[in-house]
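Asker: Residues per chain, in single letters:
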Amino acid sequence: MKVGIVVFPGTNCERDVAHALGMFGADTELVWHRETDLDEFDRIVLPGGFAHGDYLRAGAIARFSPVMRPVADAANAGVPVLGICNGFQILCEAGLLPGALIANRDLRFICRPVHVRVESTDSILTRAAKPGQVLRIPLNSYEGSYVPGDMAPTPVLRYCEPDGSVTDAANPNGSSDGVAGLANAAGNVVGLMPHPERAVEEFMVSTDGRVLLQSFLAS
Amino acid sequence: MTTDLHRRLGMTDEEFAQVGAILGRPPADPELAMYSVMWSEHCSYKSSRAFLRDLPTDAPWVVVGPGENAGVVDIGDGWLAAIRIESHNHPSFVEPYQGAATGVGGILRDVFTMGARPIGLWNQIRFGNLDDPHNRYLLGGVVAGIAGYGNAVGVPTLGGEVEFDDTYRGNPLVNVMCLGILRRDQLVLGTAGPPGSIAVLLGSSTGRDGIGGASVLASAGFDEEAATKRPSVQVGDPYEEKKLIEACLELYERDLVVGVQDLGAAGLSCAASEPAARAGAGLDLDLDAVHCRETGMTAPELLMSESQERMMAFVDPAHVEEVLAVAERWEIDASIVGTVRDGDRLRVFHDGRAVADVPASSLAEDAPVLHRPVRRPDWIDELWDEPTRPVGADIGETLVTLLGHPSVGDPSWIYEQFDHMLFLNTVAGPGLDASLVRVRGTSKGLAVSTDGNGALCYLDPRRGGARLVWEAAMNVAVVGAKPLAIVDNLNFGNPENPEVMWQFTETLAGLSDACIDLGVPIVGGNVSFYNETDGADIHPTPVVGMLGLADPMPPLHGAVTPGMAILVCGPAQSTNLSGSAVQTIVHGDHGGRPSDVEPVIGAASIETALRIAHEIDGAVLHDISKGGALVTLAEVLIRANTGASLSPTPYAHAFGEDPHRFLCFVPAKQIEETIRIAVENGTRVELWGATTGASELRIGHTNVVAVEHLAEAWRGAIAGRMAGGANG
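For the protein sequence lines, the chains are A and B, in the order given. For the first sequence, the working numbering assigns the number 1 to the initial residue and increments by one for each residue that follows. For the second sequence, the working numbering assigns the number 220 to the initial residue and increments by one for each residue that follows.
Everything labelled a hint here was simulated from the structure, so no lab data went into it. Possibly wrong hints are sitting among the right ones.
[Said to hold, decoys possible] Some but not every residue of chain A turned toward chain B, in silico, with C-beta under 7 Å:
no. : residue
1   : D16
2   : A18
3   : F50
No experiment lies behind these values; they were computed from the predicted model shown. Glycine included, each C-beta is placed from N, C-alpha and C at the ideal position.
Only chain B is shown next, with the shape it has when bound in the complex (with noise of 0.2 Å):
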């Protein structure tokens, strides 16, 4: 063995030293692997275990929290939800297409472990401006590579969002979650089971691509030589996982194993020692016994392979036979690898000889524990002392600015890619400010809202992050679901560097205080490192997804129509516009500290926002969030071709998003009912105007645009930029 092979394979020398010491011996090549892949950043969160102990994961309706899988939350009447989320950042830039297809086959992979069938993706996708010809090849990648697995793997895309900033130029966020729904006796847990058990591998054959996905390319930054990282990028087979997703529901559905573990990053690795080490078990894995897709693999290449579409079934050797006829009925490949054996060694064989031999929960378990050092930025209070102004620019011009820009305006371009009406539960589609989907035979619906932002995390993570939990919960609130939990992508720079601990433990503290102060618990994360291009860090970029439950299912909404009375609720607009988008995008201005969220005014809003959505015949509510009340507004009026007519508006109150607040249009004869509604939950209402007929924004007496015009901007703001194809 070469002495820095540990090097090679991205470990410390102190790392080394600590195998050597669990070991008693100088590890093997073979197992010299499998700590590599194990112990790697994105494997084992070495950097950010320590911080990620104190969330709240915990609430009564939680069945599986973080640290499986998935998470999964108890909906009541015998059914549960399972949901994930996982970034595949580095795999994208370097190969977008099959970078952000893999990224889907693994998240799909991690919600029909758990025994449930995956109902819906969403996706949370980054890049820098896309002006740049460079970032149109990248979006257009990722989006065809989502499209191209997510729709032949059937699973419909429900939703997502998308934005474009700099400070991801080197370095985009590719950001996938998956919700699944089971009954409850057909929950699975990773384990091996009980000692006696047999391991079968079922799947894709395994091959040499994506040998070190985890360690190679996931925990490390980039720079110009990224390129020469595709061969540790892996190739997705959608058919194949289709497939593999059909037959492992039937496993559950007849209750033919004890456990199940994908392989994703540290492939075969991770799927042979996490089992075990969760049973407190040991297992014998025969190397040779592996369907492979090309001859002569060595030892460490069949244990580090990051080949997709394959899962790891752990089965009573009374049911093998009928788990092989299963694989064989859905025209899979099954190979029986493996003995869950007494003890806790996890011993590995090649032919025919032993080339491994460890304690399982050292791999899974024994990861150092780092306590990188956090330091504040010296220049946040400089950023925070920077007045922030409301700019006396023209609110229909500024308005018009905002629609036009990627970030803000029409989505279609991307989602009409993606099959989003499969299975026929789709209600509210991508697009909106939540997705919803009935669960067929119950009375429920469940809201899914995703939400990141880089530009307000920069000035304020701590803020931020709260904001974010706030507003992901907003967004469910207005199609009538109650919050209930959340996943978290935590992207940020490279933890070397103080201050990027110093943002990533700010944010920490951020979602930790809005899930407690809403009762919300984290089921589920991911953590991704090292998003960095030649030493600049990205925008610390925590993503939330949330999960709302809707029992029963609110009215359909109606249409905005003419005459309809629009109600902003919820706190009053402040003159600080800090990390707006009006401040970012519109004047180019990155300074200030952002509004903070008010716990109880927040949880007000919800209350009223949920009682008008079940309670109010024909209201239409939608948050304001990015672009202000003025973009919310825009938009509503583009999609049903209406006018409005509003009351004057200063520029800070047409753009401002502090949190908390919604837009409510209610038929006329329905506002003093809704006006109720509100004050009965302490939310303030202010009525701002109403629809009209015209085919104009009237705002005062002096702002007049033209819909059209606003529609023109909105909907070429990524189509037409695109128009000339990813290369144009």
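The shape of chain A in the complex, shown without the other chains (with noise of 0.2 Å):
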């Protein structure tokens, strides 16, 4: 099996989501945003960074990248693609998820571990997980506040306090529903704002990262 990650200039975690792939023996490529061909792969990532400087607005000007179309020619036909953080901002820009994500209530970047509730196992990311499960992973994002569009999101992640219940208080960001990740209809697209590659090994904030990784690889 081989996963795409693709780089836009401007993206920074590429070599962060091949490392903890490869964790779990995944094969992966970096895939500039001038290609247009993504057929040899079974599994798409687009990872967090700030794709074209995300001038205009996050993801605003990678949506027009060459590889955008082959990207959603994929996740049309039902391949996974996950959207991290800015990847998630992308896929929401490009159409291929529904709402969109604006600047923190705060007003100021946000890094640092949260706590999520998996609000839906139905989805390439959360198939491993448990309904209900408890995860901590760093969040990293200024413009990570989720706004909805008229189509009602599927949550497949809510900002929690540690024991699971979602208040406002545990809400980082002013999100929506406190909504942290969203799928598609099919669950085959999904994106969220905290990073799941940064909670992987022993000495990190947490390993609650790698149920998700290896959800999106086995599914």
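Take the two lone chains, each set in its own frame, and fit them into one complex as the hints suggest.
Answerer: In structure tokens:
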């Protein structure tokens, strides 16, 4: 199985994602944003960073990169597509996921671990997790506050307290309904703001990201 | 040419005459422009150079010492580490966001110019009283600028320090440090290479921004017209820099360049003259080929512009096409702007005409070396004579006051705005004694600590300077790393004031002695003078950045849990509180003479800390510095949400900051083994108490404070003051 990790100019988490997926045996390859053919890949990741500098609006320019056409084709054909942080923003801008991500409630960048609760296991990201499972995973974003569009989102992760309760106080960025990650209706396209690749090894804040990445590789 | 152009460019009449003597004729405007920036204090170190020559800069593991873009040391197994520190004080006062942002951009270029991938950034920031809204505005802007640039450029910010003191109210300090790693065969120097090499300018287009930044902004003091200098501040573009980093790293990997120089202070003037001088060659520079963002720029403007995110690569003619292709792939602009020639002349062409013809080395190396007068201030003896007495205030109340001060309290409001996890190597991140990153694919870790203390160095710059080096060494030792090399950032007042020069020379002596005693070389540094406002100089504020090597990495630090023994290791605390946080912050007392370092005892303490960190399972170590042992302990209890019970503790013992001491938490069954290691090294150990499951800190029989009460003060120190927004 081969995972394509899309690299836009300004993307910076591509090697981290490759390292983390590699821990679970995945064969990964970095794909430059001008690529127009992704047929060889069984999984696609849009990693975090600042594609095209996030100028104008996070993801607003990246959606026009040549690689986004085959990404959309793959998504529509049922290939698992995962957007992490900036990748989530790009998937929303590209219309592959509903809604948008806007600046955090406090207008400050947030880099710290947060708790999220698994809301649905019916997605390529959460299949191996348990419903209601609480995970501690680092957040790292400025534009991380989710706002829904016309279509009701299918949340797969929501910000929560350590005990799993969803409260305003546990919502770090003002995200609507506490949404931290969501899937399309088919469950094969998922975006999330926290970085699961930052929670895989013993010295990190937790190893809770493993179950998500393993779900993605196993789906 | 108007007769006083050189003065408006910040040159003295003597310097102007010297240029004439070098050229054998009066300089043309473009020539004068180049000399004015290259000979500025910021670029030429003319006030400090004579004093910097005696610093210890050598050790067997030093690959590149001071004078290049960054210092480089060998960390074994074919790996090198590149390190550099620089100030962006004045731009950050004039325009905090962009000033700090471009400081980050500049320090990154210094490091990836050497062939290294930058793996971490640190910042040392100092402001006036945080209760003043203007200082909140400055802190908010500087932090947002570091975050805005550092996060987007894709290099994690792994630590630093923050201090608030009225001495910085009109002149905040913003120092930034960068660490990079590289394979030995990827090392690149700032040389123009042999004659025939082609100069390729990479990255952003050149505009009128930042003209004279080095000479006008960085090399003069401040007054009420500071805001009018705003156009001299550059504007950063982290996206352009990110692409530039990746493009340059590909050039190094494919061995396509013979030398590289970044364009920072003094822009093209520097990037053309320094590499040519280092290569012992001349250079023809064609300004018409430079890609510009505005039209009609004059030759002096092109030569002085400090537009950011630009690099000059020197390339063998056979590789030029490949270099341009790499630039095209990473979507950065590139233009062929020069050719390296035999001889020593830097010739500049504009509008098809020669507009400058000067010896390249005269720009880079012939700046006047000033021997500024040095005078020991009369007031220093009076200061030293002031008695420093342990004040008999309540220990619990004093502790709460200290924890609630923004120089001591929780800095997470700052560092949670920085990406400190990128690259997945952060074993210990910001907010701790030292940061620790693993070097993947090896058994090694690199630790970094940055330390400054203006109040201490004001009272005794020599002892203060030495203590900073020893403190930084202890900080890397407690995370299991051996001190390897330092960089220093020397922030001082006006060098035309002989008393400032005394502070400067004393500081250098202290730094130097400590480095010799520790066997740690200084591999780079930066001098920032003219930190003054309306004639008042800041406290002398050297900042030390220490790089430590852990090989192998120590076992992971466990958590502090109830039932652990609390040991104080190192010499007994004296009654001297001079220069300590409790004296300056709580009692507003700025006198006395701080305790000196004790090299033999200090070296033993460091060895003990290293051994405990590596050999004792579950041990947690913390350096005792700002706030003293009790503040260090309180921070641990707050983070671990646990209590402690201590033996009765005298006031000075609780808050004194004498050097070479650290706290050690060990599981009860490890006490004996820990003490054995300390005794073996000749380090004094004292059992202070134990952690408990209770939610309180109990000192002796009388003092009891709820940990939650301590936590509230500590957490609110910065976050509480910033809650109303930067302008609140």
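Asker: Sort out which numbered hints this structure fails and list those numbers smallest first.
Answerer: Number 2 - this is the single hint that the structure violates.
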